[in-house]
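*Asks:* Each chain, written out:
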Amino acid sequence: MSEIIHAPAKPRTERAGTASRTFAAFLIIGLVLLIIAPAFFYPIFLMKLLCFALFACAFNLLLGYTGLLSFGHATFFGGAAYFTAHAVKEWGLSPELGVLVGVAGAAGLGLIVGFFAIRRQGIYFAMITLALSQMFFFFCLQASFTHGEDGIQSVPRGHLFGLIDLNSSTNMYYFVLAVFLIGMLVIWRFINSPFGMILKSIRENEQRAVSLGYSVARYKLGAFVMSAALAGLAGGVKALVFQFATLTDVAWQMSGEVILMTLLGGIGTLIGPIFGAGLVVTLENYLATSQFPVTIVTGVVFMVCVLLFRRGIIGEFYASRLGRKLGFEHRR
Amino acid sequence: MTMIFGIPLQAFLGQLLIGLINGSFYALLSLGLAVIFGLLRVINFAHGAQYMLGAFVAMLLLQYFGINYWFALILAPLIVGLFGAIIERTMLSRLYDLDPLYGLLFTFGLALTIEGTFRYLYGSSGQPYTVPPQLAGGINLGFMFLPIYRGWVVVISLAACIGTWLLIEKTKLGAYLRAATENPVLVQAFGVNVPLLLTLTYGLGAALAAFAGVLAAPVYQVSPLMGSNIIIVVFAVVVVGGMGSIMGAILTGYMLGIAEGLTKVFYPEASNIVIFVIMAIVLLIRPAGLFGRDA
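So the sequences go chain by chain: A and B. Heads up: the first sequence begins at 0 in numbering that gives the first Met the number 0, then just goes up one per residue. Heads up: the second sequence begins at 0 in numbering that gives the first Met the number 0, then just goes up one per residue.
A few of these clues could be false.
Computed Cβ-Cβ distance ranges for the label pairs, DEER-style [what the hints assert, rightly or not]:
(1) A/F39 <-> B/Y119: 43 to 53 Å
(2) A/L286 <-> B/G65: 14 to 24 Å
(3) A/E315 <-> B/G162: 18 to 28 Å
(4) A/G147 <-> B/P7: 27 to 37 Å
(5) A/G147 <-> B/Y119: 25 to 35 Å
(6) B/G173 <-> A/T288: 51 to 61 Å
(7) B/G190 <-> A/S319: 56 to 66 Å
(8) B/L165 <-> A/E315: 46 to 56 Å
Residues of chain B clear of chain A, computed beta-carbon distances all greater than 12 Å [unchecked claim]:
(9) L60
(10) P99
(11) L100
(12) G108
(13) Q126
(14) N139
(15) Y148
(16) V154
(17) N192
(18) S227
(19) V239
(20) M254
(21) I274
(22) L282
(23) R285
Keep in mind the hints are simulated off the structure, nothing from the lab. C-beta: ideal position from N, C-alpha, C; glycine also.
Required output: the full structure, derived from the provided sequences and hints.
*Replies:* So this is what it looks like as C-alpha cells:
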C-alpha cells in the first residue's frame, strides 16, 4: 500500500524519505542499546564514552558546520570541569546547578576566546585558539581554586534535584545519558535552525555570506559560544562522573584528542563524532593496561586519517554504495 | 649595587640575556615556520618535534659515535632535513590541493608520533648535553657574568637568521622560491621544478628547527617534551608577527623573547603567559599582525 502511494513521488524526496526512515530506525536501535548498555559494560567506561561523545559533537558543531578549526577546546571542557567541581565541592551546590555553573563558565570563556580568535581566519584561527588555551592552562596551573598539580579531588556527586542519589552508578549513568541526549537534541536543533543554515553558508562561502548582508563575525561568535557551552556541559558532567577535575582536561593534548575523535568519526556528520569518541576512548582504555604509549597510536591514526580517509568512518559509510542505497548523502 | 627600576642591575641583565636566548630560538623557529608556510601553505606543527629531534640526534651522535658538538651542528640539521624531505615527498605533498587545515592536522599527528616514540625510548625526563670545551666557562664583563656558550647561541642564531634571510631575498634560488610563492603554476611553466622546490623548502625548514635544537641542547636539557613546550609559544609569535615577512618573523621572535625575559624580572608569575597576552593585544589593535600582509 505505502509503495503505491510513494511510487509517483519525486526521486529526491523519496530518497530523503528513505534516509529519514533509516535514520529513525538507527536512532531507535541506538537508544535501546544505550539504555540496556549498563547491563553489559562497566558503567564508568560508558559514562566516560558519553561525555567524550558529547564533547566531540560540540566540537564538530564548530569544525563541521561552521568550518572553524579550534585547537583549544580543552579550555571549555576542562574549564567547565573545574567550575562544576568547585561549585559542587566548595559552594555545596546540587549537581544540576553545578553543571549549569560549568556550562555558564565555559560559555563565558568561549565568548572571550572567540572574540579574539574570530579576528583571523583559517590557520591563524587554529593557532590563536591553541595559544589562548595554553594561556588558560598556565592560569589553571597557578590559580589557587584549581589546586595546581593536585586538581580538585573527591568531588561529591550529590543528589539530583535533591532526590536521586547519584552515588549509585546506575542512577549516575542514566543522568549522564539524559544530559547526553539533551545535548545531542540541542545540537540537532541548532544545526537545522535558520542560524545553523547561515553557519553552513559561511562554511561554504564566507565572502558570499558577507555580500548577502550577514554579519559573519557575529554568527561565528555565536557558534563558538554555543560549541564552548556544550563542551562545558560534557566537561561539567565528566567532573561529577570521575569526581575530580585536573590539569589533564585543560592541556593541549585534550584539544588534539577531540579533533581526532571528530576526524575519525566524520567531520560534518551529526553522529560521526560519537563513533570517533567511542573508538578513541576504547583504544585508550585498551592501551592503558599495556606499556605501549597512547601518543604514538594517536599520532599514527591522525596521519592515516588525514592521508587516506578524510571523510571519517561515518562519512565514508554515507558515501559508500550501501550508505547511498539507504538514502544518505554526504557532501564535501 | 646599581639598580634599574628598583631591580639589581645584575638580575636585570641576567634575565635580559635569558630573554635574548629564548628570543633566538623563537626567531629561528618562527623563521622556519614562515618559510614553510610561505611556499607550502602548511603550518608545520611538527616544527617543535623537529627541533627536539635535532637535540636528540646531536646527543645520540655523541653517545654512540663520539661525534662532537661542532660536527653535530652540521650533521644533525642534515639528517633531520633529509627526514623532513622524505616526509614531504611521500606524504605531505599529497595534501597540497586540500584545505590547509589538513596540513596542520597531518603535521600534528606527525609531531605526536615523533614525541611519543622518543618518550617511549628515552623517558620524559631530560638528559644533559655538555657544553663543548671551546665554549665552556664565562667572561666577567664587570657588570655581569656572561657564560660564553650563551653569548655564542645569540651570535650564531642571529647569523643563521640573517643567512636565511639573505638566501631568500638575495640569491637566485631565493628568487625562485619567492616567485613560486606568488604563482607556482607560472613558475613551473618557466621550467622550474616546483615540486622539488617544495621538498627542498620543507627540508630547509626542518633543518633550521634541528639547528636550533642542537644549539638548545647544552642550554636546556635534551628531553622529548622540549618541542611541544616551545611550539605553542612560537605559534603565538607567528600570530603576532604575521607570516608575510621573513624579517618580521625574526624581529618578532627576538622582541617577544626579551619581553618574556623582562617580565620574569618585574612580575615572575606572568612570565609564562606574557607572550599570549601580547598576542591578544596585537589581535585587538592590528589583527593582521605587526608585519602581516594578509589577514
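*Asks:* None of the hints should be skipped; say for each whether it holds.
*Replies:* Verification of the hints:
no. : hint                          : result
1   : A/F39 <-> B/Y119: 43 to 53 Å  : 33 Å, violated
2   : A/L286 <-> B/G65: 14 to 24 Å  : 37 Å, violated
3   : A/E315 <-> B/G162: 18 to 28 Å : 47 Å, violated
4   : A/G147 <-> B/P7: 27 to 37 Å   : 29 Å, holds
5   : A/G147 <-> B/Y119: 25 to 35 Å : 28 Å, holds
6   : B/G173 <-> A/T288: 51 to 61 Å : 53 Å, holds
7   : B/G190 <-> A/S319: 56 to 66 Å : 43 Å, violated
8   : B/L165 <-> A/E315: 46 to 56 Å : 48 Å, holds
9   : L60                           : 24 Å, holds
10  : P99                           : 5 Å, violated
11  : L100                          : 5 Å, violated
12  : G108                          : 3 Å, violated
13  : Q126                          : 18 Å, holds
14  : N139                          : 36 Å, holds
15  : Y148                          : 28 Å, holds
16  : V154                          : 29 Å, holds
17  : N192                          : 24 Å, holds
18  : S227                          : 8 Å, violated
19  : V239                          : 10 Å, violated
20  : M254                          : 16 Å, holds
21  : I274                          : 8 Å, violated
22  : L282                          : 5 Å, violated
23  : R285                          : 10 Å, violated
Violated hints, listed in ascending order, are 1, 2, 3, 7, 10, 11, 12, 18, 19, 21, 22, 23; each of the other numbered hints is respected by the structure.
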